[in-house]
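With chain Z fixed as given, assemble chains A, D and U onto it according to the hints.
From first to last, the protein sequence lines are chains Z, A, D and U. If you're matching positions, the first sequence starts at 305 in the numbering used here and goes up one per residue. If you're matching positions, the second sequence starts at 305 in the numbering used here and goes up one per residue. If you're matching positions, the third sequence starts at 305 in the numbering used here and goes up one per residue. If you're matching positions, the fourth sequence starts at 305 in the numbering used here and goes up one per residue.
Think of the hints as simulated: they come from the structure by calculation, not from any bench. Any given hint could be a false lead.
Stated by the list, open to error - Computed Cβ-Cβ distance ranges for the label pairs, DEER-style:
id	chain 1	residue 1	chain 2	residue 2	range
1	Z	A676	D	D614	45 to 51 Å
2	Z	A428	A	S583	48 to 54 Å
3	D	E350	U	K369	44 to 50 Å
4	A	N609	D	E650	49 to 55 Å
5	Z	Y610	A	P494	32 to 38 Å
6	A	N609	U	D483	33 to 39 Å
7	A	E662	Z	E351	42 to 48 Å
8	D	D614	A	G595	19 to 25 Å
9	Z	Q680	A	C652	53 to 59 Å
Quick reminder that beta carbons are idealized off the backbone N, C-alpha and C, glycines included.
There are 4 protein chains.
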Amino acid sequence: MSRRKLRVGMVGGGGPANFFGGPHRRAILIDNSAELTAGALRGKPEEAIASARELFFTRGYGDWKSLVAGEAALPESERIDYVTIVTPNDAHFGPADAAASAGFGVLCEKPLTTTLAEAKRLQATVQASKSPFVVAYTYTGFPMVMFARRLVLDGAIGEVRKVEAWYPQGWLASKLEADGQKQAAWRVDPAKAGASGCGGDIGTHAYEFVRFAAGRRATRIRARLKAFVPGRALDDDFTVLADLDNGGIATIAASQITIGAQNDNGFRVSGTSGTLEWSITDHTVLKHYSGGEPLRLYRLGAEYNYFPADIKPYIRVPSGHPEGFHEALANLHRTLEWTIRRSRGESCPTPFEHPGIEDGVAGMAFVEAAVASSKQDGAWMELI
Amino acid sequence: MSRRKLRVGMVGGGGPANFFGGPHRRAILIDNSAELTAGALRGKPEEAIASARELFFTRGYGDWKSLVAGEAALPESERIDYVTIVTPNDAHFGPADAAASAGFGVLCEKPLTTTLAEAKRLQATVQASKSPFVVAYTYTGFPMVMFARRLVLDGAIGEVRKVEAWYPQGWLASKLEADGQKQAAWRVDPAKAGASGCGGDIGTHAYEFVRFAAGRRATRIRARLKAFVPGRALDDDFTVLADLDNGGIATIAASQITIGAQNDNGFRVSGTSGTLEWSITDHTVLKHYSGGEPLRLYRLGAEYNYFPADIKPYIRVPSGHPEGFHEALANLHRTLEWTIRRSRGESCPTPFEHPGIEDGVAGMAFVEAAVASSKQDGAWMELI
Amino acid sequence: MSRRKLRVGMVGGGGPANFFGGPHRRAILIDNSAELTAGALRGKPEEAIASARELFFTRGYGDWKSLVAGEAALPESERIDYVTIVTPNDAHFGPADAAASAGFGVLCEKPLTTTLAEAKRLQATVQASKSPFVVAYTYTGFPMVMFARRLVLDGAIGEVRKVEAWYPQGWLASKLEADGQKQAAWRVDPAKAGASGCGGDIGTHAYEFVRFAAGRRATRIRARLKAFVPGRALDDDFTVLADLDNGGIATIAASQITIGAQNDNGFRVSGTSGTLEWSITDHTVLKHYSGGEPLRLYRLGAEYNYFPADIKPYIRVPSGHPEGFHEALANLHRTLEWTIRRSRGESCPTPFEHPGIEDGVAGMAFVEAAVASSKQDGAWMELI
Amino acid sequence: MSRRKLRVGMVGGGGPANFFGGPHRRAILIDNSAELTAGALRGKPEEAIASARELFFTRGYGDWKSLVAGEAALPESERIDYVTIVTPNDAHFGPADAAASAGFGVLCEKPLTTTLAEAKRLQATVQASKSPFVVAYTYTGFPMVMFARRLVLDGAIGEVRKVEAWYPQGWLASKLEADGQKQAAWRVDPAKAGASGCGGDIGTHAYEFVRFAAGRRATRIRARLKAFVPGRALDDDFTVLADLDNGGIATIAASQITIGAQNDNGFRVSGTSGTLEWSITDHTVLKHYSGGEPLRLYRLGAEYNYFPADIKPYIRVPSGHPEGFHEALANLHRTLEWTIRRSRGESCPTPFEHPGIEDGVAGMAFVEAAVASSKQDGAWMELI
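Looking at chain Z on its own, in the form it has when it is part of the complex (with noise of 0.2 Å):
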């Protein structure tokens, strides 16, 4: 019998000001293996339900509540696959938890909640019932990436020293949310954000480097939170320092005020024997030094050999044709993808070890920790 295409859900992403929605679809649809089936894309339950219509999904929803509830009601052959949340930080524990409980696979965005707390609660839920589930940490879905985590891992600049993570923004550098801009507004009210804004919606992409890309965690650290912005209640400006579960440290500077910066995460991970480095201003390369070789710049490209064969799946085109945010995106989704496949008996390729449930319960833990060690001027806070 011929694959059908997955059945996605969506939770949020439908507000004409949202901006992580339209990505998702776009991400979702690139690649010829899934639909848009069933959202509950905004607050109100006719406009969702509208805004369902507009965005062609098969069935509109008025929140998440009854879409969960419809699709678990349906018969299997029709009800989705996963669901995709992309509401504000406030809104992703109560779809994930309902969605993952009725045996939906989930791909949430990032942080995973508000509170360490609930992201636990999430996590047994998770862990119970045995849904797959990824975390919208969207730089680990760059294939260069994925490849630096692949060549730290095999060992190529040895025992890892250093992890210096970075992530400067510019579009907090003045009170936007004083004009009513969407985007600005809830990332800097604690109520929806969380007790961190920079650290939170930022901050947490450049620990996962640290993590997903060099492959170890923090085991304590101390962190700077400032909001240069005058009347700001949350960080606009967040550094950490951290110990290293091996004996190694990392640096972890994330920034909305930097004026000129865009997105411009990226990481540098020294080893014993090398060093390797990575930012999505130049995405499509991978640099790795090793003493006094040439240094050599990996490329982009289905065709080059030296990508390991569980990343070769995940590039598209051929070399000189650049893939970007969008094709990151969506090889988080097509993880998602092929592991519910994969749980079916259909063939598929093996999926790459993307941020699962535990990355973000990590993340929400680095937050925290972060939070709190700022609160008593940058003392050290154990992470476990």
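For chains A, D and U alone, kept in the frame of chain Z given last:
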């Protein structure tokens, strides 16, 4: 009444070795505004029909003739809106001509045909039928290339003096066609590719930069075509010197034997008061030089107000989230889609002036003149 | 009467393994305005004298004491104008203090001394003698760094919020000192280098970017010093978080174990209305970001009118003829030379405000506070 | 017996508007191995003598004839070792021929002369006198260009197929000569510059990349010379297509009207098994592409063992301390110096094979053929 998705047909692009079918399907699907409706995707009828089913087309056809006839026979509420043609060069004319005759829109790969005569016949058909027609000079879909065009036409660099357009690749530096590489095989076969290999395949893209970005056309050219790889029937290296219609000059250089070059097209347009430069290797940036002032780098991002109103709708995400090749290709589909929708009275943003049938014809005139010049050791050839 | 060349003395810099003697001699000679007059270039008197002869110094001395005494005893028309000190850190104070006491100008390598107390004693001497004094924070001699300073002080980016200064190197990633590499050996020896290895050697350069380019100073700092290479007595990795005098913050990161990093110092200064960024890896360019405008790249070149009048005299050639490290170092000598000449009534361009004795002292205060902080697991230390 | 500094004469380069006198003096002085001995630096005798005094030459002469005669009359222990010629093109032949005849070494600016006939006469003189002779194709002094040559000659990229050499500038995009700019004035005057403006001034540099870096020579060329600026007598844009002696091809493109281009020369050499690429805009790096392997970046630095033994002595400082234009020029003086010293039995590193008289002649043959070709609308011209 609510807007529906456009229905798209595709000819070619279904075989396992086909390169461009995948990108076009991604480009069609990514924006959630069109669907894969009718496919005649491979040479053998039964394979074509199977491929359409596998790739989730609503209807499969055994060949392009039955596709055009079959769709034309359907009621307007069911039939396709446009056809995308992704076959080797020698199989462009047939379906393009038939589709345009039948009143369908057409998005056709380049070079338009294998001869200028064929191209002109197609042009006559298109002019008669008034069918919307876009030629897949994909690189004109990069927003920074569109912006370059706008700046040049608005006089930002004064009168154009010199255009340098380049397109080096390295993938045919060895005799790949001897190893049964299908992409290579048809491109070096005069029967399938036409009279020029490198010139037709990528030289035409470079020449289109002269037309599209610099807003000029060549009045006469001389060419040096070389086949470096022993035993190859068509050129794998292609250099053209041109005189332009305003007294300026151009150099158009393409190559398939530049080892290490990926797909590195770009251009520099020098005018009496400034210079614009773009390269796909840094495709989110447009460089603007003007005398003693600092070099200005325009950067891609929906939020930058320097983008003209008619380019902004072609940018999907905020700065720093790199869009790339698929989005550029999707922008050409977008122009065709909006042209079609507006012709039906739907409200859409203004379509950008992407390459149409006359650019396709101009490309063929360019290739034929280049081949003729090269055969006469580089004699000047007039271009009308 | 016609202008004469300045007469320069040099202490240290004559041994075969010495790194900085050569660059300083090139910097002194390159502009045809000074000559190598008196040298006490090596540790052993006879070697010192032989070295001075071989290197074409007019007069050789066995040690710095006899150099200072000998020159001071000469008539003004013969004796040196200033002394360049190129010894390891522990041998800066002696000759600097003596030379300044004797009324000679001094250009001293950094870090100024091995302890803050020593630095302050030297400062007292210099203030008493009013001797012109320049500290070789060489990177402040790059014209683009000078221009950054001018732009910040002129308000081009508003009020400074955050300074990031970096200086990664990789040359000490393995235990080079065990192989008898002399440059490595003294730098990791507390007796010769002082209390900090990486911090003293290159962290001070990074901190000087905060002072010189951003025009700010740290009021308190916390530091993380690490010795990654087993058996190394001094830090080879150095990270400092700082609070600045205007309420802003800074991060200063230096490392000697970042394999592949060459000498890649640089900085980014983010203000309330813009950002400036410079890196030695692209040292002829200064990036200026300001909100929604295109990124401006100022490029090096004597003919660009955007350079302030007091920086132009520090640029030797037209744009595109890259000046580099030697010219930057020569610019510090130039500042000292012009200061001396003007003190004698000669007409010269205005010397730029390159780092003087107070910057040297500030660097030592910075290093000592960093070492103290690190010993207390990163406790905050006030800087006065 | 101890080594002495070489004694250098200079003809031209003393006027306030002269560009290249300064760089050559810096190049001579920077390495502390040569001194400014005899100068005939300006057109008018009294100014020439005053200028020599001001610039600290040991002896001033009123013109080059008296310089050559005067020095030749001195005892060997006093007279100069070589002459540097920094006059406009029409004043190269006289002093070069005289100096070579008198047995002095010569370092002559390019283009060698104003006509090929003159160049050949000079060649005859040089061959007869066996005087060491270097032509100031300065860019061959960049160590990465030297390394490219070595790699090509050692077969690192197989057989050369194609050489692309470029040299865009923008400084003559407007009629600068009308404003009395002296550098511009003589360069656009056929009486002083020769038959080609852009081609002679910078096209010759680009062609020398073909010879020096790629190790090939043109056997026939066709050229397009344009004067874009109204009223200009000589070309300000220059494009040449060439056939090479091994069956390969080359494109040589130079321009003075590319606004914003500084001095951006470079080259790409494509061979049967790899490609090398260098540009002065990133001059410390040499790119080496070879098929499916990662791109290798060789980086400048005295400590890198990949540098051949005969290039290392031309690198002064460790990696990351950028050497640039002055050091490249100094490398040409260094080659001449070492050639002279070795001829006297002094021990020196092996001089690199920098351009000599035959390269100067080849450059003139190239320019004359280009001018002739352009006059015949681009007809092919043989180069012998």
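Hint check:
1. Z:A676 x D:D614: 45 to 51 Å: holds (49 Å)
2. Z:A428 x A:S583: 48 to 54 Å: holds (51 Å)
3. D:E350 x U:K369: 44 to 50 Å: holds (48 Å)
4. A:N609 x D:E650: 49 to 55 Å: Taking Cβ atoms as reference, A:N609 and D:E650 lie about 52 Å apart, which means the hint holds.
5. Z:Y610 x A:P494: 32 to 38 Å: holds (35 Å)
6. A:N609 x U:D483: 33 to 39 Å: holds (37 Å)
7. A:E662 x Z:E351: 42 to 48 Å: For A:E662 and Z:E351 the Cβ distance comes to about 45 Å; the hint holds.
8. D:D614 x A:G595: 19 to 25 Å: holds (23 Å)
9. Z:Q680 x A:C652: 53 to 59 Å: Roughly 56 Å apart at Cβ, these two residues keep to the hinted range, so it holds.
Violation of the numbered hints given earlier is absent; every hint is satisfied by the structure.
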